[in-house]
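*Asks:* One letter stands for each residue in the lines below.
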Amino acid sequence: MSATAVAAPAVHSLWTTAAAAPIHAPKIEYAQLSPILVVLGAAVAGILVEAFVPRRARYGTQLAVTLIGLAGAFAAVVGLAATGYATTKADLAAMGSIAVDGPSLFLQGTLILVTAVGVLAIAERGLEPQSREVPHVDAFAPQAAAVPGSEDEKAAARAGWSTTEVFPLTLFALSGMLVFPAAGDLLTLFIGLEILSLPLYLMCALARRRRLLSQESAVKYFLLGAFASAFFLFGTALLYGYAGTLDLGGIAKVVTGDAAPNAALNASAHGDALLLIGGAMIVMGLLFKVGAVPFHAWTPDVYQGAPTPITGFMAAATKVAAFGALLRLLYVALPEMRWDWRPVMWGVAILTMALGAIVAVTQTDVKRMLAYSSIAHAGFLLTGVIAGNKQGVSAVLFYLAAYSFVTLGAFAVVTLVRDAGGEATHLSRWDGLGRRSPLVAVTFALFLLAFAGIPLTSGFSGKFAVFSAAAKGGAVPLVVVGVLCSAVAAFFYVRVIVRMFFAEPRADGPSVAVPSALTGTAIAVGAAATLVLGVFPQWAFDLADKASVFIR
Amino acid sequence: MHLLYPVVLSALLFCTGVYGVLARRNAVLVLMAVELMLNAVNLNLVAFDVWLRDTLHAGQALTLFTVTIAAAEIGLGLAIVLLLYRRRGTSSVDRLDELADRPDPPHPDQGAGPDPDADQDADPDARPAPDATSDDQPRKAAA
Numbered sequence: 001m002s003a004t005a006v007a008a009p010a011v012h013s014l015w016t017t018a019a020a021a022p023i024h025a026p027k028i029e030y031a032q033l034s035p036i037l038v039v040l041g042a043a044v045a046g047i048l049v050e051a052f053v054p055r056r057a058r059y060g061t062q063l064a065v066t067l068i069g070l071a072g073a074f075a076a077v078v079g080l081a082a083t084g085y086a087t088t089k090a091d092l093a094a095m096g097s098i099a100v101d102g103p104s105l106f107l108q109g110t111l112i113l114v115t116a117v118g119v120l121a122i123a124e125r126g127l128e129p130q131s132r133e134v135p136h137v138d139a140f141a142p143q144a145a146a147v148p149g150s151e152d153e154k155a156a157a158r159a160g161w162s163t164t165e166v167f168p169l170t171l172f173a174l175s176g177m178l179v180f181p182a183a184g185d186l187l188t189l190f191i192g193l194e195i196l197s198l199p200l201y202l203m204c205a206l207a208r209r210r211r212l213l214s215q216e217s218a219v220k221y222f223l224l225g226a227f228a229s230a231f232f233l234f235g236t237a238l239l240y241g242y243a244g245t246l247d248l249g250g251i252a253k254v255v256t257g258d259a260a261p262n263a264a265l266n267a268s269a270h271g272d273a274l275l276l277i278g279g280a281m282i283v284m285g286l287l288f289k290v291g292a293v294p295f296h297a298w299t300p301d302v303y304q305g306a307p308t309p310i311t312g313f314m315a316a317a318t319k320v321a322a323f324g325a326l327l328r329l330l331y332v333a334l335p336e337m338r339w340d341w342r343p344v345m346w347g348v349a350i351l352t353m354a355l356g357a358i359v360a361v362t363q364t365d366v367k368r369m370l371a372y373s374s375i376a377h378a379g380f381l382l383t384g385v386i387a388g389n390k391q392g393v394s395a396v397l398f399y400l401a402a403y404s405f406v407t408l409g410a411f412a413v414v415t416l417v418r419d420a421g422g423e424a425t426h427l428s429r430w431d432g433l434g435r436r437s438p439l440v441a442v443t444f445a446l447f448l449l450a451f452a453g454i455p456l457t458s459g460f461s462g463k464f465a466v467f468s469a470a471a472k473g474g475a476v477p478l479v480v481v482g483v484l485c486s487a488v489a490a491f492f493y494v495r496v497i498v499r500m501f502f503a504e505p506r507a508d509g510p511s512v513a514v515p516s517a518l519t520g521t522a523i524a525v526g527a528a529a530t531l532v533l534g535v536f537p538q539w540a541f542d543l544a545d546k547a548s549v550f551i552r
Numbered sequence: 001m002h003l004l005y006p007v008v009l010s011a012l013l014f015c016t017g018v019y020g021v022l023a024r025r026n027a028v029l030v031l032m033a034v035e036l037m038l039n040a041v042n043l044n045l046v047a048f049d050v051w052l053r054d055t056l057h058a059g060q061a062l063t064l065f066t067v068t069i070a071a072a073e074i075g076l077g078l079a080i081v082l083l084l085y086r087r088r089g090t091s092s093v094d095r096l097d098e099l100a101d102r103p104d105p106p107h108p109d110q111g112a113g114p115d116p117d118a119d120q121d122a123d124p125d126a127r128p129a130p131d132a133t134s135d136d137q138p139r140k141a142a143a
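One line per chain: the protein sequences are A and B, in this order.
The numbering used here numbers the first residue of the first sequence as 1 and each following residue consecutively.
The numbering used here numbers the first residue of the second sequence as 1 and each following residue consecutively.
Pulled out of the complex, with its shape left as it was, chain B reads as follows (with noise of 0.2 Å):
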């Protein structure tokens, strides 16, 4: 079997990858994209060092540690975006934009009350709690 096949099946594999980080909203599906994005590379990986009969297998220790890798990538990933989901109940990467520059400061005021995204006071008797629509106040105040 010549080189060219696995090379070109990962090379599409990796773009396939690509196109599903650019074109997912989801941020699993995301995280999905980019699994096999690096799963694209293992492929190459071994084709290259089958190919090149590497005596040392680099290409095949490299891939066993990439496959190790991915799995504590995944995991803290999916930790992060469930934290996300939890709060928001949401896990679409679109709504991801109270952080971006904006023609207008976003809290004019900032500071003057008590600001919205404060989530966690030191004393939290001091302040009732602050309830699941706070979290929109700055996303309408920035519309």
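Bound-form chain A, shown alone (with noise of 0.2 Å):
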């Protein structure tokens, strides 16, 4: 970049000023950002129809807004793959801001499919008990900034008011989510992960009831994603002052010294030290996101306060992008480095699949126990990003697709457990469920055995993929450590189902409501998604081996 720099003067100072280069204006392909920017488009519509459309028609028109969008961003990429962006054609956009390869089109579908779904299980309105006058109500607060229990609360519920603007957040949130794993520069990656965390920050805030527990979990969110991006933003400064550049390929070349010589980066000589400081805040910053293990601290409290229909999408979508740009970070600017972040990736897959899995087995509230059964599954994707190969990348693709759709699944079936005080997410009020709805019972243990990894689910498929693409990258031990935390898990997860199946139902015990159609079909999808990949695993294998190529 700094290529045509005039020569270093005699002594090179801040106070010396560079001779001004001509600048060029940016030439963007529309076309190939048109995933993004149809999302971004249906968000901006929302917050128009929040501004215009009565109250009464705004849900309907939201959720077609929301819905459509989805549609068009999914055509928009499966006509990108189609056209061979994926592969021979893949290249990076907007003066190297957004790499369009074969991992960015895989994940931007995947997330977009497990919006789509989740926006179903958000827009469900048939669940909480209703009245005469307020015949739908939804799993948000009516009015978000009046305080639980005033006058103006109550007014609010009164009117049948809804939290319509979280369908417009779902989207601002997907839409750095679609930037985050195609990001070709740190800035690019900075921006998408302020856009992703900053509409989850406010949903967690919105639930409906339990407003204190939901609170508690947004503030805490908040503080802890803030925190981490600080980190995540120092790092970045410190590769930039390593590289002088803040594109992922051009550290890289940087990194390998294939870099055309610069005279300011030859005379701060001392680089490698910003290199690794650099690069373990960035990836720090990743690894919060994603939950891994000195970094998860925020995960089981957000998951348990947040409204469940968030909790799932946050879970499933979250994870998803997270990984997709720790995976560029680590094989597009970091590869030469392999040999200083493996070994402390190593030990965090190994912390983190070792303590989600011990820690869970304690756990007594559903949503608690699946936000440390979505620890230590981190724990398994990591194996398959320390794998190093092109295997690796696809394994990894390959899980998280199946894993976000069972996430999905599973928390959409919390959602329908209820009692007086809403949703009844301890375990012991589960007892004895499938003798009273075993259709439920039957669906959340299907989901329950793919988390554990049992054949004919998407989760065997998912982890034998990663675990075999570990073993061949030479990570052995880490694949036996592995399959050690999958049988401790195994263990709580069955207990789970016992406890459905086997248990004397309690006769205070909570009752299942019967879903509307939305969350009828995000289960069935769910469900679907996870025989599907479980049963005929091959061509989604395929598709990710095709896609698991990076741009450089």
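Source of the hints: derived by calculation from the structure; they are not laboratory data.
Any given hint could turn out to be false.
Unchecked claim - Beta-carbon label-pair distances, calculated as ranges: (1) Arg86(B) / Val483(A): 48 to 54 Å; (2) Leu9(B) / Leu276(A): 17 to 23 Å; (3) Tyr19(B) / Ile358(A): 27 to 33 Å; (4) Asn389(A) / Ser92(B): 46 to 52 Å.
Claimed, not checked - Listed next, the in silico SDA-like pairs over lysine to any residue satisfying Cα-Cα at most 20 Å (straight line): (5) Lys154(A) / Arg88(B); (6) Lys27(A) / His57(B); (7) Lys253(A) / Thr55(B); (8) Lys27(A) / Thr55(B); (9) Lys154(A) / Arg86(B).
Stated by the list, open to error - Here are a few chain B residues that face chain A, going by a calculated C-beta distance under 8 Å: (10) Phe14; (11) Val21; (12) Val30; (13) Val34; (14) Thr66; (15) Ile69; (16) Arg87.
Here the structure is a predicted model, which is why all the values come from computation and not from measurement.
Idealized CB from N, CA, C, for every residue including glycine.
Fit chain to chain and form the complex, with the hints in mind.
*Replies:* Set out below in structure tokens:
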């Protein structure tokens, strides 16, 4: 980038000015950015709907705008992939800011589908108890700014207001998630990180019931998330100081020494410390989003406190986006640093798998248990990241697609089991659920078996792919630890199944609400994806394999 | 001026911010500490930008983005902290302890009666509004 800089003066100093080089206007390839642009457009349309459409018609309009936007974005992704942008025509769009290549398109497609299913669960309005004046009640606060229990709030509830802002917020979060795994430079990576995080912080605070827990989870998520993104940003600054460029490919060139010589870079010859500390801080920020162990503390609290449909969306989609970004950073910007980051990631992966699996055993709340299980799954995914080969990338892509649908389905089932206080998330309340509502219990058991990695479910295919890639990449001890942790994790999944089917139902036990077509579809899609990716995984493996080459 | 001075200053600012996040108990002060960390990054970016004579000024561009996003972030953060303050009358992060791993379940009989946390009922007339003390019940049960 600075190849055109003038030769360094005798004394290099911050006060000397560089010669002005002509700057050319950027070239933007709008067609290649269309998935992101369509989602952003739908989100802006959602804001306009919020402003101009009468309150009564907002819910339907918002749902339609959101689903049409998602369908358009998915069509754009499929169109780009079909015209060869995933393989032969892959390149960097928008002056190197957005990489349009196999992993980007695969993850963007996954994210859009996941969000579409998540939106169905978010749009559910038939589960809360209803009255004649207020026929439709969703899972969100009628007026988020009002103090719970205040007159304002009661008036809003009586008027049947609902927080339809969640639809544009979801779309904004999705647009950040689409940018995140496709980012071609650190600036875009940071923008993606923030755009995906900020709406999620808000959405966590919107629960209709147990608002206190919901707001607490939002504060915790926000404070820790802001802390982590500050670390991420400091790492970005240090890497920029090391490489003199924010491009991931450019950083890789400076690491290998292929970059054009730069007087100023040569003058600051203490580069390795900048590279190591900067890389570590960026990876720290990404591991926080992933929920890997030293940075996992927010996961159980936020998963438990947030409204359950939001938890499902967040758990599934954030993980997909953050792992995509982690893969791209490690494989595109820092591949030559492999001998430095691999030992650290080994430690993180082992800790993540072990702690997630072991602490989940002690949990008594379904949402908390699923949160710790998601930590354990982050560990399994990290083994695929550590593999360091093409097979590892395709395995992680497949695992992400499989895992996200299982997670969505599981959290959608959690919204159905209810009692007078709202969702009955305490595990003791799930005793004997299989006798009272066999269909719901069997579906939940399917998701739990997929989490545990039992054959014929997508969880098995994913774990098999990740572990075999890691073994091929020379991480056999890691695979052994992974299999042991899967065994521990299987224990607590099976324990829930035993509770549901073999324990005596309690007299005052929860009832299972009959979902509307929305949540029903979400659960059905989740279950179908779990079975299809478990029984016929080959086509998805092929797809992920074709999509597993990063553009540099 | 050598690059070392701004870089060391920004590292010190960043460490002050980290200390602030870890040591402050008031959520607003924690937010201020996070801002300090972000500004340390800005200083670093601008210093590197000038030092490296980046013709595209990528560092300064990122600084502008950081400033904008930090503003958005602080606005959102204050909104969330304000929500919590209105409900609880405190913005101390130490009192955010209802979501935590506990050896014994916080609500062993959850759902047997009206949940004290169920702030919002779909039918507001069916149940008296939860009073201010209802917030303390889960905490006492846990203690």
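*Asks:* Would you mind marking each hint as holding or not holding in the structure?
*Replies:* These are the hints, each one checked on the structure:
1. Arg86(B) / Val483(A): 48 to 54 Å: holds, 50 Å
2. Leu9(B) / Leu276(A): 17 to 23 Å: holds, 21 Å
3. Tyr19(B) / Ile358(A): 27 to 33 Å: Taking Cβ atoms as reference, Tyr19(B) and Ile358(A) lie about 32 Å apart, which means the hint holds.
4. Asn389(A) / Ser92(B): 46 to 52 Å: This hint holds: roughly 49 Å between Cβ atoms.
5. Lys154(A) / Arg88(B): The hint holds at about 18 Å.
6. Lys27(A) / His57(B): It holds: about 18 Å lies between the C-alpha atoms, which stays within 20 Å.
7. Lys253(A) / Thr55(B): Holds, because 18 Å separates the two Cα atoms, which is no more than 20 Å.
8. Lys27(A) / Thr55(B): holds, 18 Å
9. Lys154(A) / Arg86(B): holds, 16 Å
10. Phe14: holds, 6 Å
11. Val21: holds, 5 Å
12. Val30: This hint holds: Val30(B) lies near chain A, its Cβ roughly 6 Å from the closest one there, short of 8 Å.
13. Val34: holds, 5 Å
14. Thr66: Since chain A brings a Cβ to about 6 Å from Thr66(B), closer than 8 Å, the hint holds.
15. Ile69: holds, 5 Å
16. Arg87: holds, 6 Å
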